[in-house]
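> Letter by letter, the chains look like this.
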Amino acid sequence: MRTHSFKTKILRAFVVFSALLIATICLTVGLYYRHQDLERYGDLAYSYAETAAAYIDGDKVSGYVASLQKDEYYEQVMDFLNSTLTHTDILYYYVFVPYEDDLVYVWDADEAEGACPLGYREDYMEGGKEASVNAMAGLTAGEFHVTHDPTYGYIGSAYYPIRNAAGEAVALVGVDLSMPDINSGLAYFVAVIVVCVVAAVVIFISILYSIFRQSLIVPINRLNAAAKKMVGNLENEDDMDIEIHTRDEIEELAKAFRQMYGEVKAYIHRLTHITAEKERIEAELDVAKHIQAAMLPCIFPAFPERSEFDIYATMTPAKEVGGDFYDFFLVDDNRLAVVMADVSGKGVPAALFMMISQTLIKSAAQTGLSPKAVLEKVNNQLCVNNEAEMFVTVWLGILEISTGKMACANAGHEYPAVKRRDSGFELFKDKHGFVLAGMRGSRYKEYELQLARGEAIFVYTDGVTEATNAHEELYGTKRALAALNKREKVSCEELLQSVHGDVNQFVGEAPQFDDITMLCLEYRGCGREEP
Amino acid sequence: MTINMQKDGTTLTIALDGRLDTSTAPQLETALKENLAGVDALVLDMKGLDYLSSAGLRVILGAQKQMGRLGGLVIRNVNKLIMEVFEITGFSDILTIEQE
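Order-wise, the sequence lines are chains H and Y.
Residues 97 to 627 in this note's numbering are what the first sequence spells out, letter by letter.
Residues 187 to 286 in this note's numbering are what the second sequence spells out, letter by letter.
Careful, some of the hints might be misleading.
What the hints assert, rightly or not - Some chain Y residues close to chain H (C-beta under 10 Å, calculated; not the full set):
| no. | residue |
| --- | --- |
| 1 | Thr-188 |
| 2 | Met-191 |
| 3 | Gly-242 |
| 4 | Phe-277 |
It should be emphasised that the hints constitute simulated quantities derived from the structure, not laboratory data.
For clarity, every value in this text was computed on a predicted model and none was experimentally measured.
Note that CB positions come from ideal geometry on N, CA and C, so glycine has one too.
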């Protein structure tokens, strides 16, 4: 789009406005003056005609027309007409008798060039007949007939009747004035007017424009320049200087603009800062996520030298760092500890709490305590200074490898699923204690599971059972058990992959809300395989 | 989740509707923080609650601690699914749960 500067637009408007103003004033004044002028000259000519008519004896006129003889009176009248002619602007000063088809001159002031002699017959000028008839009838007063005549040129004429003693009109006195002379006077006058008006308008408009310029164009251009500069200058440290002191809305606009500029810059500055900070935090969170993941045993097979059991575990974190964790480790040569836990909430607080919990559980279990004792000890440790009121649900089992006996305790965690030789996986509704870190001094119950060769235990977090599909349906323990029992005689790793695949298929496109964590331990027994 | 609060003297009844999970638990936490002053009996009505996550349990545990152990907090109208959550986590042992 082509743009025009504010200044050009204003200037253009002013020029057009001035031209219109000048044209209007000159035309109005000129037309008015011409009208006045014609009226004035008409009156003048008429009064000359009237004077002559009053001077001339009407009874003598017809005699001159008939005889064409001049006498003393005739010359006297002629002298009068000549005298008047030479002392005034009259072009032609004459007396004539109008007839039907033409007119006859009686007197014609012969000082004028081309004057007509007594008895000279002549055709009427254009419109002359009607004017004469009207004048004879005494119908006109001061009418001024303007004609372009081939013989006499551009003239204005007035007529006045000469009456005899009986009061009848016998002839007309004609007075012709030169229209070019009248018009040149008018032209002069119009020229003067035009010059004056143009001068006045130019001065007036110039003053107006300079006021406009000072109070509008210059400040707006400065504001515009400042705005353009601002767009390209936001990253710059320079301050914007827009000093406008017009003491009106533009000054307020400039002030508002200055303030806005400052705020935008401050905002951008802040945003840059925040973005950098955010990136830093995200990078740190990423590292934290990796550290957290590295806390969990993740090298499989975990105990390649132990043929008595098979163990496999996975954790699939949701978007945020979460609080799920699993753990397994040998307490001594004959005892394997297995932990499955879920910290309340998500994010960094949950991740930190998870690390503390995992460390405390591991160190307590490694001193050889029973599951019940481990949970009670860790609970009390976690309750100290637990300002954030976080808690963690824990299932802990310690397997005696030589016998397949597993001592277990549950602090508010999901029920484990236990696979029996003859019935497949079933939910084992164990005795529940309260969550860890919930209440100081909580007591936990311990129970024992006897695992035979080929039997297994599956523990998980609520990320499995509460995985939700697009229809807001929960995956649930029923579907989990079905998935566990779908395939037989597979390794723990294959089993977990199969369950995970089933969960994914159920969830479909719906987002994963929670960490999905599972662990499976299969007891294979000591010594010889039974047939 | 929507929270409807009704105060009757020193008894505050909060009706929960929807899902109480990681994203909505802070709402309840804030509501409790702002309204527990001068309350000696708190009732959580879970009639409209469909889902309760561990983050929600944390807020409930906080409320339970703040209200003391003298029956200051009462949970009402718990559906089957949420009752299961209370039982699994052992919360059913420490909470006063009244079923109609």
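> Against each hint, give a clear statement of whether it holds in the structure.
Hints and how they fare:
1. Taking 10 Å as the C-beta contact cut-off toward chain H, the hint placing Thr-188 (chain Y) at the interface is violated, the least distance being around 17 Å.
2. Against a cut-off of 10 Å between C-beta atoms, the interface hint on Met-191 (chain Y) is violated, since the closest Cβ of chain H lies about 21 Å away.
3. With a cut of 10 Å, the hint placing Gly-242 (chain Y) at the interface with chain H holds, because the nearest CB-to-CB distance is about 9 Å.
4. The interface hint given for Phe-277 (chain Y) holds, since its Cβ lies 7 Å from the closest Cβ of chain H, which is under the 10 Å cut-off.
Violation of the numbered hints given earlier is confined to hints 1, 2; the remaining hints are satisfied by the structure.
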